[in-house]
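Enquirer: The lines below spell out each chain.
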Amino acid sequence: VSEPHDATVINLPVPNRAGPGSWPVDDWGRDAGLVRVAVRLGHLCWQVTVDGASHLPLRRGALLVVSGRRYTLAPIVTALALGESTGRAVRFVGRPDVAPFGPLLRRLGGLLDRPDEVLGALRASEVVVIGTGEQRLVAAAIETGTRIFPTRTTSAPWSRDAHVEISPAVRRWCGTLEGAP
Amino acid sequence: MAGRRVLVSGMGGDLGSRVASLLEAEPWVDELTGLDADPPRRRLHRASFHLVKPNEQERIVDLVTAFDPHVIVHLAVWEPFSRADPATARRLTDEAAVSFLGAAADCRSLEAIVVRSGTEVYGRARGAPSRPDESAALEPTCDYGRVLASLEQTADSIGRATGVPVAAIRMGTVLGPHVPSPLGRVLRMPAVPFSVLADPPFAVVEDIDVATAFVAAGKVRLAEPVNVLASGAITTLQAARRGRRLPIPLFGPEWTIATFLSGLLGAPVPDHIVELFHRGRLADNSRMPELLGFRPAASTVEVVDKLYAWPSVIHRPPRVVAA
Chain A
1 VSEPHDATVI NLPVPNRAGP GSWPVDDWGR DAGLVRVAVR LGHLCWQVTV
51 DGASHLPLRR GALLVVSGRR YTLAPIVTAL ALGESTGRAV RFVGRPDVAP
101 FGPLLRRLGG LLDRPDEVLG ALRASEVVVI GTGEQRLVAA AIETGTRIFP
151 TRTTSAPWSR DAHVEISPAV RRWCGTLEGA P
Chain B
1001 MAGRRVLVSG MGGDLGSRVA SLLEAEPWVD ELTGLDADPP RRRLHRASFH
1051 LVKPNEQERI VDLVTAFDPH VIVHLAVWEP FSRADPATAR RLTDEAAVSF
1101 LGAAADCRSL EAIVVRSGTE VYGRARGAPS RPDESAALEP TCDYGRVLAS
1151 LEQTADSIGR ATGVPVAAIR MGTVLGPHVP SPLGRVLRMP AVPFSVLADP
1201 PFAVVEDIDV ATAFVAAGKV RLAEPVNVLA SGAITTLQAA RRGRRLPIPL
1251 FGPEWTIATF LSGLLGAPVP DHIVELFHRG RLADNSRMPE LLGFRPAAST
1301 VEVVDKLYAW PSVIHRPPRV VAA
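Order-wise, the sequence lines are chains A and B. Take the first sequence: its letter number 149 is residue 149 in my numbering, and every next letter is one higher. Take the second sequence: its letter number 176 is residue 1176 in my numbering, and every next letter is one higher.
Hints are all accurate, no fakes.
Label pairs and their in silico Cβ distance ranges: (1) B:P1190 to A:H163: 46 to 54 Å; (2) A:I142 to B:G1102: 42 to 50 Å; (3) A:W158 to B:T1256: 45 to 53 Å; (4) B:H1178 to A:A124: 31 to 39 Å; (5) B:R1295 to A:R36: 26 to 34 Å.
Output of the computed footprint for chain B on chain A, the stretches with three or more beta carbons under 8 Å from beta carbons of chain B: (6) 23-33; (7) 97-103.
Read the hints as simulated data drawn from the structure, not as lab findings. The beta-carbon is built from N, C-alpha and C at its ideal position, and this holds for glycine as well.
Just chain A, with the same shape it has in the complex (with noise of 0.2 Å):
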């Protein structure tokens, strides 16, 4: 008769079999497996590495501010890339809410642009990712005490290659603003 010992049951990953449309979604509807696909295709297209990274924390909630004019993908490749990095699910600020393009890249990441979903993503611990145009939803991180991370990004027309490079957070945010009455 063997000794009674300790166990530990590890479960195993079950391969995935559904197709898309099909894959898990988590609370506010990002699909990791569509985000697979899509990081996919995006390596067809360009070559982005992201420098800087161990700048994030490992667990709690970021704002990313990243350079670029508005209305470019700049927010969405760097989610995606940044995503694909650190293995943590980053999401990114500025989907519309119609249909078909909405729903879609909500699937990939996508948060309204208003700052109480962004609010919401960062007291929940979440990555963020927002445009320099987009000012008015730092106010969600001060208010978080969520630190802050500038963000390079950098591509060319004529080449593949682009760049995300994030910098040390500007400041831990201690709770209240200075100079406050």
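Here the structure of chain A is known, so what remains is to put chain B in place on it, guided by the hints.
Expert: Below, chain B alone, put in the same frame as chain A:
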């Protein structure tokens, strides 16, 4: 805290009788009574019950004021096409709100009111927050949402007038083996329609978790609204695939035909469920553990899996008594 009298309106429904059975086990509940137009759907040991229609206002006021409860749990809400058509559901819910909450104003010992509401109160207009928290504005865009928002408003005004804290449990769509849920009926049909252009995510909650939330809200004397939903989300297509149903992709105009056919087949689809199929329905439930001290046991995906695991109705021929 001990020795409290608790009144449950709508005790006859599945949710009401579940809440009552949980309240019976609470040490702080001394006396428990319930009122409804239907008798309770499960065996209760300590509770007393009064069979009363929502429009019998004078009788309800007499019963409620005679009991003089410390906590009122108001569950007398009819979801459209759950047990009544939308017009009847609206009328019954309004009558029950006037009768029960109006009677609450005359209860001297009253310490807390807990009302049933839903995430439909936030509305799903274009550009509305896709995952609203409790601070989001109430801008309902469906009939049921407007009824629930009006109910919350009535409860709030009575709470302000009497100085009693009011908690609104804004729950996601409730699914359970005995819950008459329009969404559950549609998802269990052999073929399930879904919006091919959007197929947005939604969250649900299991009936036992909602019942626990009501008991917790009454216990802690919650004085604010709280979203009660299971974690995670699912889309209609995913649900149909998990249940091995035939997904029917729809674009737009054919939804009218689909909902009509669904009604003919015994699963009428009210407008708040059509809205859920088109626009999704999520809400931020992050404050629930802090306010109520519990997390739902089952995730959205698990609740939907259970939905498909329930046995179907088996029709047996009547027994013939031997002469």
